[in-house]
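Number of protein chains: 2
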Amino acid sequence: MKCLSLSFLTNFLIMNYLFAQYQPVIVIHGGAGTIRKADMPPEKEKEVHEALAKALRIGYQTLENGGTSLDAVEQTIIFLENHPLFNAGVGSVLNNKAQPELDASIMNGATLEAGAVAGVSRIKQPISAAKLVMQKSPHVFMIGKGAEQFAKEQGLEMVKPNYFITPEQINQLKKLQKRLKDQKKNQKASLSPNQEIGKFGTVGCVALDKAGNLAAGTSTGGMINKRYGRVGDAPIIGAGTYADNNSCAVSATGHGEYFIRANVAFRIAALKTMQNLSLQQAAQQALDLVQKLGGSGGVIALDREGNIAMPFNTDGMYRGYIDKNKRMETLLYK
Amino acid sequence: MKCLSLSFLTNFLIMNYLFAQYQPVIVIHGGAGTIRKADMPPEKEKEVHEALAKALRIGYQTLENGGTSLDAVEQTIIFLENHPLFNAGVGSVLNNKAQPELDASIMNGATLEAGAVAGVSRIKQPISAAKLVMQKSPHVFMIGKGAEQFAKEQGLEMVKPNYFITPEQINQLKKLQKRLKDQKKNQKASLSPNQEIGKFGTVGCVALDKAGNLAAGTSTGGMINKRYGRVGDAPIIGAGTYADNNSCAVSATGHGEYFIRANVAFRIAALKTMQNLSLQQAAQQALDLVQKLGGSGGVIALDREGNIAMPFNTDGMYRGYIDKNKRMETLLYK
Chain E
9 MKCLSLSFLT
19 NFLIMNYLFA
29 QYQPVIVIHG
39 GAGTIRKADM
49 PPEKEKEVHE
59 ALAKALRIGY
69 QTLENGGTSL
79 DAVEQTIIFL
89 ENHPLFNAGV
99 GSVLNNKAQP
109 ELDASIMNGA
119 TLEAGAVAGV
129 SRIKQPISAA
139 KLVMQKSPHV
149 FMIGKGAEQF
159 AKEQGLEMVK
169 PNYFITPEQI
179 NQLKKLQKRL
189 KDQKKNQKAS
199 LSPNQEIGKF
209 GTVGCVALDK
219 AGNLAAGTST
229 GGMINKRYGR
239 VGDAPIIGAG
249 TYADNNSCAV
259 SATGHGEYFI
269 RANVAFRIAA
279 LKTMQNLSLQ
289 QAAQQALDLV
299 QKLGGSGGVI
309 ALDREGNIAM
319 PFNTDGMYRG
329 YIDKNKRMET
339 LLYK
Chain R
9 MKCLSLSFLT
19 NFLIMNYLFA
29 QYQPVIVIHG
39 GAGTIRKADM
49 PPEKEKEVHE
59 ALAKALRIGY
69 QTLENGGTSL
79 DAVEQTIIFL
89 ENHPLFNAGV
99 GSVLNNKAQP
109 ELDASIMNGA
119 TLEAGAVAGV
129 SRIKQPISAA
139 KLVMQKSPHV
149 FMIGKGAEQF
159 AKEQGLEMVK
169 PNYFITPEQI
179 NQLKKLQKRL
189 KDQKKNQKAS
199 LSPNQEIGKF
209 GTVGCVALDK
219 AGNLAAGTST
229 GGMINKRYGR
239 VGDAPIIGAG
249 TYADNNSCAV
259 SATGHGEYFI
269 RANVAFRIAA
279 LKTMQNLSLQ
289 QAAQQALDLV
299 QKLGGSGGVI
309 ALDREGNIAM
319 PFNTDGMYRG
329 YIDKNKRMET
339 LLYK
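In order, the protein sequence lines correspond to chains E and R.
Numbering of the first sequence is given in the numbering used here, commencing with residue 9 and proceeding in unit increments.
Numbering of the second sequence is given in the numbering used here, commencing with residue 9 and proceeding in unit increments.
Since the hints were derived computationally from the structure, they do not count as laboratory data.
Do not take every clue at face value.
No copy is singled out in the list; a pair is fine if it fits within one copy or between any two copies.
Dumping the calculated DSBU-like pairs for lysine-lysine here, alpha-carbon to alpha-carbon at most 35 angstroms [what the hints assert, rightly or not]:
1. Lys-183 with Lys-144
2. Lys-334 with Lys-105
3. Lys-144 with Lys-168
4. Lys-300 with Lys-144
5. Lys-189 with Lys-144
6. Lys-189 with Lys-160
7. Lys-182 with Lys-153
8. Lys-186 with Lys-144
9. Lys-160 with Lys-45
10. Lys-218 with Lys-168
11. Lys-189 with Lys-334
12. Lys-52 with Lys-342
13. Lys-144 with Lys-54
14. Lys-144 with Lys-182
15. Lys-153 with Lys-334
Model the full structure from these sequences, guided by the hints.
If you want it as structure tokens, here you go:
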């Protein structure tokens with residue numbers, strides 16, 4: 009009798025463990041902006057879909073193997089940072105001095121631990137630096153040379169700033185600066201060109217692992233022709249990135265200044281938990297505030313139930329997911 | 009008849025204007041930490057009270073004269089930055105390389121506009137640089153040399169980093185570094201010394217002007233012995249500073265890493281508007297999360313009705329206010 013009940017108990021625990029496991033989910037974005045089917049060469053469209061699918065598979069594989077959402081987010085973003093198609097890592101847009109200045113952040117929804125770096129140009133994978141700030145320093149946010157020194161001490165691969173610069177980005181900057189000069193526009197003009205050029209934002213990833221833990225990460229080259237020293241929302245915990253198991257994981261992309269002012273990532277989490285909005289409603293409402301303030305962009309959001317929201321108020325947003333039913337989709341336009 | 013109704017209308021508008029005016033309110037903090045009456049020399053206690061009172065009067069005068077809450081916040085913080093007693097501007101704590109690295113931010117509750125600088129050591133008044141980033145650049149957040157170049161272009165007074173360093177701060181850093189060496193502590197040890205040394209945090213100000221507009225600002229030298237490049241919550245919109253006329257204005261002080269992770273300033277605003285908590289409840293609840301995560305510090309918060317909250321979970325917090333009834337109080341301990 010004792011044996012029988014023990015066996016029941018064991019079975020119960022095993023079954024419980026098996027069914028209590030969460031189905032992994034991963035969602036990514038690769039920037040929002042003037043992304044229109046009419047302007048998109050078919051081969052580039054194909055390339056974007058393939059890159060997004062590959063990024064998703066990398067992260068999903070980590071989750072399937074029982075890895076943490078934090079590791080999945082990092083691995084996925086490393087791939088996107090290394091891909092010249094996206095405004096993060098290699099292929100980052102350049103500032104007004106034609107330099108790359110990269111920002112990244114990551115957050116663990118299980119512990120509310122977070123790490124971020126800003127204004128770095130010598131760390132090959134800014135997202136990994138952000139993760140190490142979180143895990144190996146007493147700090148959350150490190151900037152500039154101090155962040156680079158820390159990353160180096162931690163054994164991360166260091167590169168020269170030129171490593172990040174692609175011919176395409178030099179051309180885009182030159183074109184933009186020439187146009188601005190021609191138009192004799194004032195300083196405020198540097199606000200809008202991203203949309204015209206269509207490279208607006210960041211890359212980001214949110215993930216749910218089998219243990220039910222959420223994580224979020226964001227990495228970016230920022231805004232083309234930004235002033236030297238400018239930092240957007242990507243490394244700001246609560247603006248570009250937030251994750252809390254009790255609410256959701258969020259990564260934003262867009263005109264960072266507005267996302268900071270509207271505290272977008274945490275606002276979505278707050279609307280969900282404090283006002284009981286659905287994830288979709290919460291994400292949309294935060295984005296509506298950005299729009300009201302004059303900004304544009306998009307977000308990806310994911311909760312523990314596997315709900316996904318990916319609203320944006322631009323023409324398009326590179327995005328994709330593998331949901332709890334293992335369905336993969338990659339999307340570019342409205 | 010027409011004249012009569014016009015006169016009625018004029019009177020109505022004038023009366024309405026007079027009575028619709030808000031009573032100015034100003035609240036400040038000068039850092040939280042191990043501030044105990046038992047350890048406080050009477051002459052220092054007097055000096056702190058006097059400095060807080062003077063800071064309050066400066067800001068209140070601006071408000072009384074019909075100035076904006078934004079200007080009141082800036083003027084008050086300039087005084088605190090220039091006072092060596094506080095960890096902001098002159099008298100800032102030093103990083104692990106014995107350098108000052110200053111951070112500041114400001115936010116306009118009427119428009120949700122915001123400005124911030126981090127990692128600067130050549131701008132005499134970091135709070136003014138934050139305000140100029142908000143008003144004169146298309147950006148919200150600028151760091152390091154880029155922020156300094158911008159401030160210089162805007163005509164702000166520039167200084168050498170030595171300007172901010174006081175003998176007291178050199179002594180405190182040396183004492184701390186010697187103790188850490190003696191104790192052969194690991195890197196994580198640099199987390200706790202602020203509290204022991206009692207110089208923990210920032211200066212901050214929230215204000216309500218006659219037009220009913222809220223503003224918030226925060227300025228700091230950061231955390232003593234912080235790693236070169238570390239940035240805390242003070243320049244992070246949503247963490248150390250937030251202002252929204254529809255909710256409240258908040259400035260935080262304390263162990264910045266926890267305030268970033270808990271998104272304290274915006275969390276208070278969110279709890280107030282989304283969960284209809286009182287200002288006091290909202291501020292306390294956000295601070296409780298900081299404590300739950302392992303952090304300590306305090307906040308000041310103010311809403312349009314003139315309600316004031318000043319909770320902290322340390323031994324003391326330098327703080328004070330002039331309320332809507334023109335009552336002034338300055339406080340140091342629990």
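A quick look at each hint next to the structure:
no.	hint	verdict
1	Lys-183 with Lys-144	between (42 angstroms within a copy, 25 angstroms between copies)
2	Lys-334 with Lys-105	neither (44 angstroms within a copy, 51 angstroms between copies)
3	Lys-144 with Lys-168	both (24 angstroms within a copy, 32 angstroms between copies)
4	Lys-300 with Lys-144	between (39 angstroms within a copy, 21 angstroms between copies)
5	Lys-189 with Lys-144	between (45 angstroms within a copy, 19 angstroms between copies)
6	Lys-189 with Lys-160	between (39 angstroms within a copy, 23 angstroms between copies)
7	Lys-182 with Lys-153	both (27 angstroms within a copy, 23 angstroms between copies)
8	Lys-186 with Lys-144	between (44 angstroms within a copy, 23 angstroms between copies)
9	Lys-160 with Lys-45	neither (42 angstroms within a copy, 45 angstroms between copies)
10	Lys-218 with Lys-168	neither (38 angstroms within a copy, 53 angstroms between copies)
11	Lys-189 with Lys-334	neither (50 angstroms within a copy, 53 angstroms between copies)
12	Lys-52 with Lys-342	within (17 angstroms within a copy, 63 angstroms between copies)
13	Lys-144 with Lys-54	neither (39 angstroms within a copy, 42 angstroms between copies)
14	Lys-144 with Lys-182	between (40 angstroms within a copy, 24 angstroms between copies)
15	Lys-153 with Lys-334	neither (42 angstroms within a copy, 47 angstroms between copies)
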